[in-house]
Amino acid sequence: MCLLQPAQLPPASNSKNNINNSISYILMEKGGQLVYKALIVIIASGIIVSAFVSAGKSFGTQEAFYKLALAKDLALTIDLMYALPGDIGYIYPNDISAYGIEVKDNNVKIYNYKLGKSDPTTAAYSYAGISVDAINTNINGQKFVKLSKTNSQIQITGVNQ
Amino acid sequence: MKIGKKGIAASEMWAPDTIIFWLIFGIVLGITAIFFILIVAKIGTNQAQISDNIESLFLMQRFFKSSSCFAYLKENVLLNGAIDADKFSEERLNDCYKVNEKTMPAFRLTLSLDSATIFKTIKTSNWNDNRPSEEKEAPKNVIVYFQEKPYNGDITIEIQNNR
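In the order they appear, the protein sequences are chains F and L. Under our numbering, read the first sequence as residues 3 to 163, first letter to last. Under our numbering, read the second sequence as residues 925 to 1087, first letter to last.
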């Protein structure tokens, strides 16, 4: 394979040293490109492998199903609270300290607290909202969730007791 | 090991730095991931299943019990189960039942008064007119307040995407 293109050839008047320097510079550049390519492949493979391992672990330990059950439970609780007349406060009794909770756009998302929102097995479930209220909550590392409704507005907060 | 010119050309085509390689790699990886998710989801769906039609039942409650929907407020006291016919409109229904997903249960409500002055049908924003209802509740007898006066009425609820 020809490493030097005609345009890159040094002028004929250059000395032998100059030619050698040019060749070694081009070879180094090619070598650098190969290293970058290999790095990108390694990083991409790492991301894919870790996503599969994390998903496999989550399904294997039943954590994925627990997260889905949590998401459904909270969505149903919100649905029911909107149906109740008057004000109400309720602490969801399951320990959720290992999980992060995002309630936004009529959707409850549960993800592993350590993995954050990039958790490949994030569980999500929808609820029906009302136009006068828009819940927007993020809870991380709290033991329990407290849901309270005052004047048709639902507040969701994390509590430790 | 001897490799012919053809062999070299073929191996260069499948080298891991060609676009075609990454294209095929991406497709195969995507299919694998989809199969993985489908199989696992099929195995595990029963573990987080909401029994019967409890979700639809919970969602229906708001139509009768919430003042944001059609529940009648008499001097700021909510009369449980009584319907305010003046509130019974599609706009109000979609205000008190706001959904982003088409897969959420959809409802069509029909209110009729015994005195036959009112027969009104309204539906949620995710109701699909091209599909029949999956379930139709038996007409429920309710007290209906129309222009502040009580009447006997019936409300019928039809459901799509029942869950």
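Treat the hints as calculated values from the structure; they're not laboratory data. From a predicted model like this one, the values you see are computed outputs, not experimental measurements. Just so it is clear, CB atoms sit at the ideal spot from N, CA and C, and this is done for glycine as well. Don't take each hint at face value.
Simulated crosslink set (EDC-like; lysine to aspartate or glutamate; CA at most 20 Å straight-line) [unchecked claim]: (1) F:K116 <-> F:D135; (2) L:K1060 <-> L:E1082; (3) L:K1022 <-> F:E104; (4) L:K1073 <-> L:E1025; (5) L:K1011 <-> L:E999; (6) L:K966 <-> F:E104; (7) L:K1073 <-> L:D1008; (8) F:K148 <-> F:D135; (9) F:K119 <-> F:D107; (10) L:K989 <-> F:D107; (11) L:K1011 <-> L:D1038; (12) L:K1022 <-> F:D107; (13) L:K989 <-> L:D1053; (14) F:K145 <-> F:D89; (15) L:K1022 <-> F:E65; (16) L:K989 <-> L:E1061; (17) L:K1044 <-> L:E1025; (18) L:K1060 <-> L:E1072; (19) L:K1064 <-> L:E1025; (20) L:K989 <-> L:E1025; (21) L:K1011 <-> F:D135; (22) L:K1073 <-> F:D89; (23) L:K989 <-> F:D135; (24) F:K151 <-> L:D1053; (25) L:K1022 <-> L:E1072; (26) L:K1026 <-> F:D89; (27) F:K148 <-> F:D107; (28) F:K106 <-> L:E1025; (29) F:K106 <-> L:D976; (30) L:K989 <-> L:E1058; (31) L:K966 <-> L:D976; (32) L:K1044 <-> L:D1010; (33) L:K998 <-> F:D107.
Cβ-to-Cβ under 7 Å is the rule here; a few derived chain L residues that face chain F [unchecked claim]: (34) I943; (35) W946; (36) F949; (37) V952; (38) V964; (39) A972; (40) I974.
Which constraints among the numbered hints does this structure fail? Numbers only, ascending.
1, 4, 6, 10, 13, 14, 15, 17, 18, 19, 20, 22, 24, 25, 26, 29, 30, 33, 34, 35, 36 and 37
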